[in-house]
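Participant: Given next are the chains, with one letter for each unit.
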Amino acid sequence: MAAPRRSPLNGSTLVIGLYLLFLMLPLYWLLNMSLKTNTEILNSFTLWPDRPTLDNYRTILTDASWYMGYVNSLIYVVMNTVISLAVALPAAYAFSRYNFMGDKHLFFWLLSQRMAPPAVFALPFFQFYSSVGLFDTHIAVALAHCLFNVPLAVWILEGFMRGVPKEIDETAYIDGYSFGRFFVKIFMPLISSGIGVAAFFCFMFSWVELLLSRTLTTVDAKPIAAIMTRTQGASGIDWGVLAAAGVLTVVPGALVIYFVRNYIAKGFALGRV
Amino acid sequence: MNKTTNQKAWFLVLPVLLLVAFSAVIPLMTVVNYSVQDTFGQNEFFWAGLEWFEEMLRSERMWDALGRQLLFSGIILLIEIPLGVFVALNMPKSGFWSSFCLVVMSLPLLIPWNVVGTIWQIFGRVDIGLLGYTLDALGISYNYTQDVFAAWATIIVMDVWHWTSLVALLAFAGLKSIPDAYYQAAKIDQASRWAVFRYIELPKMMGVLMIAILLRFMDSFMIYTEPFVVTGGGPGNATTLLSIDLVKMALGQFDLGPAAAFSLMYNLVILTMAYVFYTVMTTLEKREG
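Residue numbers (this note's numbering), protein chains in the order written: chain A, 1111 to 1383; chain B, 61 to 349.
Just so you know, these hints were derived from the structure itself, not from any lab. Hints may be right or wrong, so weigh each one.
One side only, chain B facing chain A, incomplete, derived with CB under 7 Å [unchecked claim]: (1) 72; (2) 83; (3) 84; (4) 147; (5) 163; (6) 170; (7) 172; (8) 278; (9) 285; (10) 327; (11) 330.
25 Å max Cα-Cα, derived DMTMM-like pairs, lysine to aspartate or glutamate [stated by the list, open to error]: (12) 63(B) with 1280(A); (13) 308(B) with 279(B); (14) 68(B) with 1280(A); (15) 153(B) with 315(B); (16) 308(B) with 187(B); (17) 1295(A) with 1279(A); (18) 264(B) with 249(B); (19) 308(B) with 124(B); (20) 1295(A) with 1285(A); (21) 153(B) with 249(B); (22) 1214(A) with 1280(A); (23) 308(B) with 114(B); (24) 1214(A) with 1279(A); (25) 1214(A) with 1277(A); (26) 308(B) with 1246(A); (27) 346(B) with 240(B); (28) 1276(A) with 1213(A); (29) 68(B) with 1213(A); (30) 308(B) with 120(B); (31) 1276(A) with 345(B); (32) 68(B) with 1285(A); (33) 264(B) with 240(B); (34) 346(B) with 1213(A); (35) 1214(A) with 279(B); (36) 1214(A) with 345(B); (37) 63(B) with 1277(A); (38) 63(B) with 345(B); (39) 68(B) with 1277(A); (40) 1295(A) with 1277(A).
For glycine and all other residues, C-beta sits at the position ideal for the given N, C-alpha and C.
So that you can see chain B by itself, here it is in the shape it has in the complex:
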């Protein structure tokens, strides 16, 4: 749409700006403040410069958490995106069953995150959970509080359970927007199922898929509640992802300086990635017209 230039539009944006400033910028400034100061309690603060940043950049703890975080986000994206697309391709296109699928698939998205954690915590227990009990009965040793692999498997399956539907719903929305004529043309050309997917469905879904990847990447990158409830970051530090580590540092140990420096770098990483995705997305949108 061709927009007109109108500087007065700023007035319409002003409420949002004030609100977000109130709820984001001011609190963030306190973080900046802490990140450059040191304290010995009693509200006495000393200028510490970039000390905390240097300390955090040298600390193995942060790099380990970052590594685990990247691994986690990578794995869940690799599973959820193809699986979501696959599910969407197989969904009924219209009628009662289509709505039925939509409603059932949305359910996990609306469960409070710690309840999601609780559900899987129970589900995976060997004594009272269906999954744990079944695996145990099959002779597979499974204990997500002791075994690193089981812990990782549990939080990954949990995330797939929780969020694949989001990808599927997005992909489904993209598929529904393809006019029938495209499929008819493909039929006349005797295109294979794969060709239809590769040259019609995938390009048409690209826009929404980018949104899906963006949302899933960002949300998994700041995931906290669900793995925390299930594993508490353990066994050891095996599932301590970035947010879990940060909360431990800031609210648990009250190491304000390092936690603040950590926060800012964490935020910066996310901001950079958001920018990359956003640029790719808007370019795609423009190319589509």
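The shape of chain A in the complex, shown without the other chains:
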């Protein structure tokens, strides 16, 4: 056997290794539990499942009241991402290109919406969406999540747009492009990575939020995260199914990360590096 290529084991590798281990351990434990039966979870303490079983996953994927939770979550997350981007794109363009009356105040005001605690809005949202008849619909949650996603999208996109030289706009206008055509045909492809990153963030924050989505839904649009609380049945908590449901909520996030992995770092800096 050829000698394996030795990776230099220095301090940095050790630090990163330990940190990744710290991140992975709780996740591993969740995965481990999701592959066990409840009897095994409660009666023996093992570092890996003795007899791995997919029963917990089967329970979730065959029961509509379970898997509809994922569908509901995905529906409002996608709606929210589309709405947020659609309104944020022109606004970000305006902020990055023009001075106008009150622009700085407006920008800060938007930003401050991102900082508003969802707990403050839980009750008014509940009453507001009930009174306009949107309670327990996907669109209600999608609109509610715009509270923090639109400002964030504007902020990120503005950062990316700033990096595009203004001469491009001017040349396009001289060439006779209308604003609409220029924006869609020329400008959007130029900041496509920024749009991707903004979409990623909208997806992420809408996907992980629970307080508002739980408050605004009861049955028809109930997100998976809220459904998970029902594993507390009469016979105690169904740990295995709970763990399996948890693992399944991690999957969409992991997929999305994979697609934007090269832009993550820049995206987290909100395009400001």
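Given the coordinates of chain A, assemble chain B onto it according to the supplied hints.
Facilitator: Relative to the frame of chain A, chain B by itself:
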């Protein structure tokens, strides 16, 4: 970039403005409405003036929650910011392992918040959780539902687990933007590792670090789901942070008046802090050119 003045740009901002007005201003007005009225049910409301505000300002409950909140935010910032920077400094700069680290580190950020709570709730249990079981086996008494210190330790470690990666990713983005020439110059000057960090890396990271501090401070200041799932605000009120207290008051006890007054003051505190951070940030950006 030199911008041109164009008042028509307002039309481009208009959709955002309408949407945010719809989803923020209108609901917030109902809060304002409740904060100055009292009710005996049946939708009858009475003008109460500033009574609720005075009551809340005198109530120990709110000040205690605020104190716990400041303590929590302070501790997690003190841990997450240095740790995040430290991790970023040690990350591989490019290649497969760099992407690998980025992807793995982002994972906790994309887990729904109550699942984060559930993960740690399970992880810390003495009977079925790896952490609780190990601590118990080592003879350390650990029970986050009974013991105040254990509860705090759990929610802090959980937050560090959940969010340090965000700081690390931001710092990493800042580090990657430093041109090689800087490091070469430092080498010629025989600068120490510390000097390189202090005079090259830290100033270059300052901008993104401010974003990191801003985001982490704000998000930790309104944290609700994760500690709620793990401790439910207990034992007693030991981990009842501001949002937990507020939700208890508004949706649990339906004390609309006090809850509304509480909300507005809560919002005001956050707004003030956001303004301070934002001003510092924009000044920094300007100074960099």
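Participant: For every hint, state whether the structure bears it out.
Facilitator: Hint by hint, here is what the structure shows:
The restraint placing residue 72(B) at the interface with chain A holds, with a minimum CB-CB distance near 4 Å, inside the 7 Å limit. Annotation: residue 83(B) was flagged as interfacial toward chain A, and the flag holds, the nearest CB pair being 5 Å apart, inside 7 Å. Interface hint at residue 84(B): satisfied, since its Cβ lies 5 Å from the closest Cβ of chain A, which is below the 7 Å cut-off. Given the 7 Å rule on beta carbons, the hint for residue 147(B) holds: about 5 Å separates it from the nearest Cβ of chain A.
For residue 163(B), the suggested interface contact is upheld, since its CB lies about 5 Å from the closest CB of chain A, less than 7 Å. Nearest Cβ of chain A to the Cβ of residue 170(B): about 3 Å, under the 7 Å cut. The hint holds. Checking residue 172(B) against chain A by beta carbon gives a least distance of about 4 Å; that is within 7 Å, so the hint holds. A hinted interface residue such as residue 278(B) counts as satisfied when its beta carbon comes closer than 7 Å to some beta carbon of chain A; here the least separation is about 4 Å, so the hint holds.
For residue 285(B), the shortest C-beta to C-beta distance to chain A is roughly 5 Å, which falls under 7 Å, so the interface hint holds. Taking 7 Å as the C-beta contact cut-off toward chain A, the hint placing residue 327(B) at the interface holds, the least distance being around 6 Å. The beta carbon of residue 330(B) is positioned within 7 Å of a beta carbon in chain A (closest approach about 5 Å), and the interface hint is therefore held. Only pairs whose Cα atoms come within 25 Å are accepted, and residue 63(B) paired with residue 1280(A) is accepted, the gap being roughly 13 Å.
Pair hint residue 308(B) plus residue 279(B) holds up; C-alpha atoms about 19 Å apart against a cutoff of 25 Å. Annotation: proposed proximity of residue 68(B) to residue 1280(A) holds, straight-line Cα distance about 17 Å (limit 25 Å). At most 25 Å may separate the alpha-carbon atoms for a hinted pair to count; residue 153(B) and residue 315(B) exceed this at roughly 53 Å. Of the supplied pair hints, the one linking residue 308(B) and residue 187(B) is violated, its CA atoms being roughly 30 Å apart against a limit of 25 Å.
Pair hint residue 1295(A) plus residue 1279(A) holds up; C-alpha atoms about 12 Å apart against a cutoff of 25 Å. Distance restraint check for residue 264(B) and residue 249(B): the Cα-Cα separation of roughly 19 Å lies within the 25 Å cut-off, and the hinted pair is therefore satisfied. As the CA atoms of residue 308(B) and residue 124(B) are separated by approximately 15 Å, the hinted pair is consistent with the 25 Å bound. Of the pairs offered as hints, the one joining residue 1295(A) and residue 1285(A) holds, with about 13 Å between alpha carbons and a cut-off of 25 Å not exceeded.
For the given pair, residue 153(B) sits about 23 Å from residue 249(B) by alpha-carbon distance, which is consistent with the 25 Å threshold. Proposed proximity of residue 1214(A) and residue 1280(A) is supported: the alpha carbons are some 24 Å apart, at most 25 Å. A distance of roughly 20 Å separates the Cα atoms of residue 308(B) and residue 114(B); the hinted pair therefore holds under the 25 Å criterion. With a C-alpha separation of about 22 Å, the suggested pair residue 1214(A) and residue 1279(A) falls inside the 25 Å cut-off, and the hint holds.
Our distance criterion of 25 Å between C-alpha atoms is met by residue 1214(A) and residue 1277(A), whose separation comes to about 23 Å. At roughly 22 Å between alpha-carbon atoms, residue 308(B) and residue 1246(A) fall within 25 Å of each other, so this suggested pair holds. The hinted pair formed by residue 346(B) and residue 240(B) meets the criterion: a straight-line CA distance of about 24 Å does not exceed 25 Å. Between residue 1276(A) and residue 1213(A) the CA atoms are separated by roughly 19 Å; this keeps the pair inside 25 Å, and the hint holds.
For the hint linking residue 68(B) to residue 1213(A), the alpha-carbon distance of about 12 Å falls within 25 Å, and the restraint holds. About 16 Å separates the Cα atoms of residue 308(B) and residue 120(B), which keeps this hinted pair within 25 Å; it holds. For the proposed pair residue 1276(A) and residue 345(B), the alpha carbon gap of about 20 Å is at most 25 Å, so the pair holds. For the given pair, residue 68(B) sits about 21 Å from residue 1285(A) by alpha-carbon distance, which is consistent with the 25 Å threshold.
Our distance criterion of 25 Å between C-alpha atoms is met by residue 264(B) and residue 240(B), whose separation comes to about 13 Å. Distance restraint check for residue 346(B) and residue 1213(A): the Cα-Cα separation of roughly 17 Å lies within the 25 Å cut-off, and the hinted pair is therefore satisfied. For the hint pairing residue 1214(A) with residue 279(B), the CA-to-CA distance comes to about 23 Å; that is within 25 Å, so the pair holds. Among the hinted pairs, residue 1214(A) with residue 345(B) is consistent with the structure: their alpha-carbon atoms are about 14 Å apart, no more than 25 Å.
Restraint check: the Cα-Cα separation between residue 63(B) and residue 1277(A) comes to about 12 Å, which is no more than 25 Å; the hinted pair holds. At roughly 16 Å between alpha-carbon atoms, residue 63(B) and residue 345(B) fall within 25 Å of each other, so this suggested pair holds. Proximity of residue 68(B) to residue 1277(A) is assessed by CA-CA distance (about 20 Å); at most 25 Å being required, the pair is judged to hold. Taking the CA atoms of residue 1295(A) and residue 1277(A), the gap is about 16 Å. The hint holds against a cut of 25 Å.
Consistency note: the structure conflicts with the earlier hints numbered 15 and 16.
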